[in-house]
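K.L.:
Chain by chain, the residues:
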Amino acid sequence: MAKGSIVAGCLAPHPPHLVYAENPPQNEPTSEGGWEQLRWGYERLRESLSNIDHDVLVILSPHWQTYVGTHFLGLSHFEGLSVDPIFPNLFRYSYDLNIDVELSKAIHDKAANAGLAVKMMENPDFRVDYGTITTGHMVNPAFDKPMVVISSNRSRHYYSVEVMQEMMMELGRATRDAILESGKKAVVLASNSLSHRHFTTESDVPEDMSKEHIASHAMHLWDMRIIDYMRTGQAQRIIDEMPEFTEQAIAESDGGGLTWLLSTLTVPSYPAILHGYGTIIGTGNAIVEWPCYLHQEV
Amino acid sequence: MANPIVASYVVPVHPHPLLVPEKNEGWQRLRNAFDEAREHIAQGDADLMIIYSTTWPSIIGHQIQADPNPTWTLVDQDFHDLGSMDYSFRIDTDFAEAWNSANHARGLQSRTVAYNGFPIDVGSVVALKLLNPDNAIPAVIVSSNVYANRSETTILAKSCLDVLKSTGKKAVAVTAMSMSNRMFTEFIDAADDKIHSLKDDEWNRKVLQFLEEGRLEDVAQLSRTIHQQIRVQKVVTFKPMWWLSAMNDNRNDLTGKVLAYEALHGAGGAVVHLDPTSNGMGDKEYDEDDVEVYRGDRNVLDAEDSTVPHPVDSTNEGPDLWDPAEGEGAVNTDSAPKPVGLYPHARRVGDLLYLSGVGPRQPGTNAIPGGPIRDADGQPLEYDIKAQTRAVVENIARILEEAGSSMEKVVDVTSFLVDMDRDFTGYNEVWAETLGHYGPTRTTLAIRALPTPIAVEMKVIAKI
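If you read the sequences in order, they're chains C and V. The first sequence begins at 54 in my numbering and counts up one residue at a time. The second sequence begins at 897 in my numbering and counts up one residue at a time.
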């Protein structure tokens, strides 16, 4: 069997506003658009991924929050209606997706061997979280690639950012090893925003872009700092500064996705491609691709 | 009117007592406690069950469930292997909408949600399925706002009480919450469950001792400390006690009973019943400010926007004082008292002049002729309604003069009295001596309160 590979790694945030603004047939609410810079960024990411042969999307979503270990969707098919509990006015999406259970189990087993608490989720009534659905839709709206869906263990809340990073680095290594052994070509996706301070009010027309901006200047500075590290191949500095970033920017990377992503990519020293940056209800969101296929040993 | 909360409960959020009580003796004791609470509620006369759930976080203010019949199957994100939870609840949508409006009236951001498939949170599902399994009592569920502070959470309760009082309904108040919320981060056998640490256990027992003694407001005021000591950050802090205490008029002399206290995968789960009957012990010394209206700005990281008007005097004992608003047709004068909000003294439209509500406060000093109707602690004071009414009329005359109008040109007056029975006669005498002399139409209303401690205010329309 040929050796598997991670062909691309992506930061792919999940605000439901992006799906809402697109008016796809799967989503009940309709809009007049909005957040175009980010949606066009996702267009560029989709175009880029369409040129890269891949078999599976592996995603870690901060909205499947688990406090007891890391969990993996463990059935081959899920479908249903996903309603965002915070923005139900924007996101009521009928989803239908397939899971690569074999790869999920392989990552699960690798992580267990590395000492992490892990569990397969095999309840057919389980509702897939809206972070997974949103990122899944924005990256692959046809949902025609199988997925591996990994929960966000909240170790940062239980312990610290440092402990979270240790666990996510380990989970990233386990993910990478399992993918390489699987013979499959995988795109790995961290479904999180950067700075994550929300506005606490919503305009009458949610897509009114005259109301959209970053929550504060400090958040902007942090976002640009982290993006600059990504664009200049300094992923290790992101890892190093994660405690301060998480604390000061209230960053959604607290869920472990970004650290896990960088670990699966062995903390890349090559530049990432910034496909787009924009704010959503005050939070900072970047769509970033690490084109691993250009930097792999052959 | 007496407080309409006939019973309050604290209940745990995890699904073990609902789905697999038989797997652990402690979980079974929690289930038995739920059953005891359910029987007590069924024997009472509550019209409504109100759930404040910590497992329903929200961002855009608080959210209130308003789907009349939310129906779905819930699976816990962590404990999915314990089984699925089918639910079908009966929601009092009218109450939900009224509560939402009452929040807005008190300055609080909130909204109702009524969408097919909306994910009712696990804490609410467990509480409603075990406390109200046949939907005998309609329910209302409110979220726990991630950014809400004590003031907002208190206002949330007060607006809820507003609606209960106006509708004459009696309610059971329930907080779905953990005590200590640190779970084991690894998988354990059900038989091995225990409170995560001795420290968490000791804090839980102390908090429960307070509740057993009916000292709800004491627990509320310790919320921040409790959160720091035995709470993992998670999404929301230990704020349900702010809500529950405010729902009970911030009392410390309730009759409390801890029905069960057990571990749920390491977290502290308790079923507590708080009866409004006084236990005869002393009531609280109230340490924290009470709040009636939310005026805060939660964009705490933003620099102050200089384009947004602000009060010019926040030192006043009552509401903040503002410079009168400018704008097309605005009429303002230093000879009238400063407004208590951003509005002009009057506004000219065509040949008509519309005055904002005018009270008796004196320009400059803010003093109230005839005396205020209550002191700073809210205790009632003796006052002279005639003196207050005369001062109102004098303020009206000054504003009319500034606009080039006069008392003779007053067309219509709406008067507001906070105590019709006590004050109507005196007010009416002064009216006859002053404005009544010129013959405008008049309507007099009794209202509950005015923003400042005054007894009378008038709304005037005049010609120019």
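In case anyone wonders, no lab produced these hints; they're calculated from the structure. Where hints are given, some of them may not hold.
Said to hold, decoys possible - Rough simulated footprint, nothing fancy, chain C against chain V, three-plus residues with beta-carbon under 8 Å:
id, region
1, 976–988
2, 1005–1019
3, 1075–1087
4, 1335–1349
Think of the CB as a built atom: it goes at the ideal place given N, C-alpha and C, for glycine as much as any other residue.
K.L.:
Does each hint fit the structure? Answer for all of them.
P.N.:
Verification of the supplied hints:
1. 976–988: Coverage by chain C holds here, the residue count being 4 at a Cβ distance below 8 Å.
2. 1005–1019: holds (count 8)
3. 1075–1087: Result for this restraint: holds, n = 6.
4. 1335–1349: violated (count 0)
Violated hints amount to a single one, hint 4; each of the other numbered hints is respected by the structure.
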